[in-house]
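Protein chains in written order, with my numbering: chain U, 328 to 693; chain D, 9 to 847; chain S, 1055 to 1300.
Read the hints as simulated data drawn from the structure, not as lab findings.
In this text the structure is predicted, and so the values were computed from the model without any measurement.
Every residue gets a Cβ at the ideal spot worked out from N, C-alpha and C, and that includes glycine.
Be a bit skeptical, because a hint or two may be false.
[Unchecked claim] Covered stretches of chain S, as calculated for chain D (at least 3 residues, CB under 8 Å):
#, stretch
1, 1152 to 1159
2, 1163 to 1174
3, 1182 to 1188
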Amino acid sequence: MMKRFLSLILVILLIPANAQERVGSGRLDVLKEGAEDGYLRAINVREFDFPADHGPHSGYRHEWWYLTGNLEDDNGRKFGYELTFFRLALSPDAIESSSPWRTNVAYAAHFAVTDVEGDDFHFFDRYSRGDGRLAGADEAQVWIDDWRLENDGDKWIVEAGEEDVALTLDMTPIKPMMFNGDQGLSQKSEAPGNASYYYALTRLESSGTLKIGEEEFRINGLTWLDREWGTSALSAEQVGWDWYALHLSDGSDLMFYNLRNSDGTQHPYSAGSWFSSDGQKTALDNDDIIVEVTDTWESPLGGIYPSGWKMFWRDKGLELTVTPMIKNQELNVTPRYWEGAVSVTGTQNGAPIGGSGYVELTGYSN
Amino acid sequence: MRHVIKALASYLFRRPGQLALAIIGMAVGIAVIVAVDIANDSAKRSFDASLTAITGEATHQIIGGPTGLDEQTYIDLRLQGFRSIAPVVEGTIRLENERFQVLGIDIFAESSFRDYETGGSGGGTSGGTNSFGLLTETGGVLMNADAADRLGLSEGDVIAVSRMAKESSGKVLAITQGEGFERVLVVDIATAQEWLGLEGILTRIDVTLENDDDQSAIHSFLPPNARLLNAERRNSSILEMSTGFNTSLTAMSLFALLVGVFLIYNCMSFMVLQRRSIIGVLRALGVTRVQLVASLLTEGMMVAAVGVLLGLGGGILLGEQLVALVSMSMTDHYSLIRGDDATVETFTIVKGVTAGVLATLIAVAVPATEAVSYPPRLTLVRSVVEESARNMLLWLAIAAALLILGAGAVLTFSNVSLFAGFFALFLVILSAALLAPLVVKYMTPLLTIIMGRIGGLAGRIAVRGILKSLSRTGVAIAALSIAVAEIVGMGVMIGSFRDNVEDWLVSSLQSDVYVSVPGRSGGVSLNGINPDLIAELTSQPGIAGHNPVRTVWIEEESGSTLLRATDLNFEKMRGFDFLEGNGEEIWEPFTAGEGVIVSDPYAYRQNLSKGDEVTLPTAGGLRDFTVLGIYRDYNTGSGVISIDRDIYVRHWHDDIIDTMGIYLQDGVDEAEVIESLQDIAAPKQALMIGSNQRLKEFSLEIFDRTFIITNVLYWLAMIVAFVGVLAAALALSLERGKEIAILRSLGMTTKQIFKLVVIQCGSMGLIAGLFALPVGMASGWLLIDVINRRAFGWQIDMLIPWDSIGIALVISIATALIASLYPAWVVTRNTPVAMLREE
Amino acid sequence: MLRLLWFGRGIFRMNSSTKKVAICIKNLSKSYVEGGEPHSILRKASAEIYDGEMVALLGRSGSGKSTLLNLISGIDVPDDGEVAIGDNVITDMSEQRRTLFRREHVGFVYQFFNLIPTLDVMENLKLVMELNSENDIMTRCTELLNAVGLEDRANAYPDALSGGEQQRVAIARALVHKPGVLLADEPTGNLDETTSDEIWELIDRLVRPSGGTILLATHSLAAAKRCDRVLELTEGKLHDITGALS
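Model the full structure from these sequences, guided by the hints.
This is the structure:
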């Protein structure tokens, strides 16, 4: 998803920490034309090849493994989590060196846990050189230090922990892969190559343990994995986006992103996918889904975020109310953004429908 | 009061020369105090700042063995989830003929450790891009603005660095402002490994630990050759070691303080003494004692204010020059000192001002109180002043004796405190200063005879004048004595030191030819002589044998220790001068690997004697070794441990040879062998191959460079003394203008008068010089046996360097003679007529 | 005996029947610059003083008496004119020679005594003897201290003596090396009347009968009357006023 660009840009802002503020103005440069010279571009529809495509695509500038999931323990206590790994190539080609530390790749990761009952939100971020030891990826895994996502072809494993929060999950996909856009080529703006390769495992049945402080919970739930790589850019008028990934109770999944222009309008390349319970994909255009903001939340750190939505998909007769499980699910990283677990209620053609999912909101923190 | 002050002050203003001299005397005295302090502080501070900046926030450091730390240790810790750790690859490198510390870091692990503070560079490149550059730009450097200015480099410039004859190129990515990085090139860890030839190796891992639990947790994951050391303790040991080097400077500053204070006292007290007749008149007119003393103090303080200001300014300027010198000699030993930045500590200013103000207070208050304590009529009487000055001799002697007793007590009851050593030195010098007038008294009868021979009547009058004007001459002689004693003391210390080092070099450098890898300068080095090349070199004709040596640093919280693995099968223990243990008895167990021998400084510092155990970190963990003997060694103040090579290889898993001593067969031409070895090595590896003689010379060169600053301070001390004697001589001559006029009217020729003034000053120089000899010897002894021993652990046999003693004596007299020329010229140029009419 | 004692080294072999010129002053001029203005002290002053004469030099304060004495003794040099003592023309001599001549042939007594404060009484006397490389210094000095009645103060420092005592030491010092000419500049000018009388008495007793040449600057008429001749310094010139006084 293009939406995750902003998070990726964190990598650029890594260090020195005290230089971040100044550098912040430079992040768009990285994503503008010119910065892509020498990298591969997502121009044509490609033949995906697994498990190789679970691994990194080194000719492209950026890539991510993006996990969000809604979990609950045996007593029905609800949790949400986000674990993302970003790969960013700092130069198109690898650099010759006698030192194993030398690399042209950087990795970043975010890990967040939402404790709904405790009305608590934990988040962490990590950065590392992608030297293949401290951080790296191959077809079976991606990791930074001791945060990792592994797969052995069938099963996926998540391990992440920091301070007093730790999560381990075993995950099994229960739906086939969804290839977004045109057979997995997701066009972001008019210019050829301003696109990415984008597939998702929308439903991974997940079970494992979550430790928060002294408490340990046995948890089950659904995880959504997005995989995307490319070299393309944002356009100048895009200031942020609202992104929704919802598991609906009828077994279907809805993904939609709303690219916001600086004038407040919705960018025409906003789009999404609907993935039926039997694995049929319907591509959604900019005007297929209408979103109304029903509530807002003001961050104590500044910025007013939408915090409650109504979504309408007229063709399907779908009317959804999307509500954050807790208000404050803002990650105070650089740049600051909101990404949180949401619950879904609503009707489809008059029949009740529910669900849960994740929403990402960027470009509100100023 | 206004008129009282005016009456007193206008006297001064009518003698602007004298007033100027008092101010100059004060200024020079303070300038030297301040300058030496600045030089000292700046070197220390800049070293400390670098150390602190480089250590950053780390509370602990994981240190490996002499061959460094396998970087896998770090990766394992990371993968285990240890977060607040950062890898470091450090070493030194040459850039445009300056030595820089290369600090290789992983910028992703850094943020919580160090702050380079990227300066606002404006322009096209942002800091973010530059940070990337560290990763993507091979040889990318964050360079401190200070260094960049010095080398004329700016962002984007390409630089060439070299290490051990290996050239690499780099690029300035950004200019940073962080304090302490003036001599540091911050690079990516990959660049550091490439430049330093340390691929796969970390020199340390920085760790921030919050509690003991973390500590034991991390401990359990460390391989046996890695140790977790407290960073603060380690730094303070390093700092202590490196600034122990400044001992001679500290000693100098002590001398400077005393000489300065005496100079100030000399000038200021004279201003009061000279006006005792005016004081008498004012007293007679009804000005109270308190009023008079207050007026004199006010006036003294005003003069002092001008002198102090000038002195501070001059001292800061001079200090800046000295800093460059100090850092020049220190960079031989440590690369972290920046060259050109003088730090002026508040304490320095306070010290300078206090010295000026206190010395002025005492210098004015003592004679002023005394002058006003007599009935008005007596105040006019000069002989009373001198009489009381002579009466004070007994008290001065008692005070001096007490000070010496105090010094003895300080030395006895302080065990190893360096500060106490300096304090004792201070007491001894002070007591010497107090004894100066007494010495004058007892030396004048003999001198009168000698000078009578040389200068006839003028000579006798001159010498008698010194004793008769003891209140002035005493202080001047004390100041000169201290300055000369400083020369003698430092001369004794450095001379003995150098002599001992020379002897040691002769006895310890037993091989005929030395082959070594270039640029070994501490830290982790994996650079050794190619084993094939060793075989080839040592099989050359004319070579009788060789001794392979590996020299590494053992890092401990208590500092760094040199560990020398050596194979003594060939030359046995010839090169060691054992202070404890017998070479013949040590030989067997040493080669059998039953123990180690340690250098004297190491034994002193660790409080070891023969038979004790030392615990050393080997590749397999900590291990005890028996101390078989203690030998003399001046290699490094931190000490050296020598171990049999086989044992070293077994316990440290390191078979690198970085130095090789080669023994030639009898009658083989050394130069020829060296040339042929050089020819063989040249195409294969950059090696330094030189004769025993060359190595000795080189070692002594470094030794001498270390003491350049000392030489400069010598002359500085002499300048202070010179101004002191000049002030005293001029004051004496001016004051005795009338006497000289009478002498002339009685028929003394100008030549005789000239002779009189010159002999008088020369005699003062002679007295000061002669008196300075025992004082200087005593100081030298303290410097050698107390201060050097306590600072470095070095045991130095004291030697009396007659040449420098002779020079000191000559300098003392010459200084005084030169100082006399101007006043001599002044008094002979004036006609005596006016003086004769005055009362 | 007395004559021998004081003026053993006369300028001339004395023959009382012939009047020899001991001090000859010819057209002597001297001016000082004071406050930027030249101040003329002597204007072509001329006089002759004969051997064995005691001559008083009268004049008001600032008339130039001291200057004249300094010029005669060679301590100071004139702008113009000539001074001769005996056959020796002082004004033609180098500084060095003037000094050597002075210390051998001239004794000087000052108004302010001008003893050397760092030397005691005996040392003050010895100094002059030593300057002239005389032998038998102790004997000679003791002799003179006895003569001025200060033998018990030999080791006192000048500032411990009264004015009269100091002047007596000064006189002893002026005579200790047996000069041919004694110059005295207001020798009693700084002393009270009684003490002055003592000093005059001393001069009368010791010096007067000896026949040496004495030039005595004073503003005291009473003192002048004790002399053989009186010269007055007015307007920079010397006038013999011996007749006018008697």
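For each hint, the structure was consulted:
For the stretch 1152 to 1159 of chain S, the stated coverage by chain D holds: 5 residues have a C-beta nearer than 8 Å to a C-beta of that chain, and at least 3 were required. Check on the stretch 1163 to 1174 of chain S: 8 of its residues sit with their Cβ under 8 Å from a Cβ of chain D, so the three-residue criterion for coverage holds. Against chain D, the stretch 1182 to 1188 of chain S contributes 4 residues with a C-beta closer than 8 Å to a partner C-beta. That satisfies the three-residue criterion, and the hint holds.
Every hint, counting from the list given before, is met by this structure.
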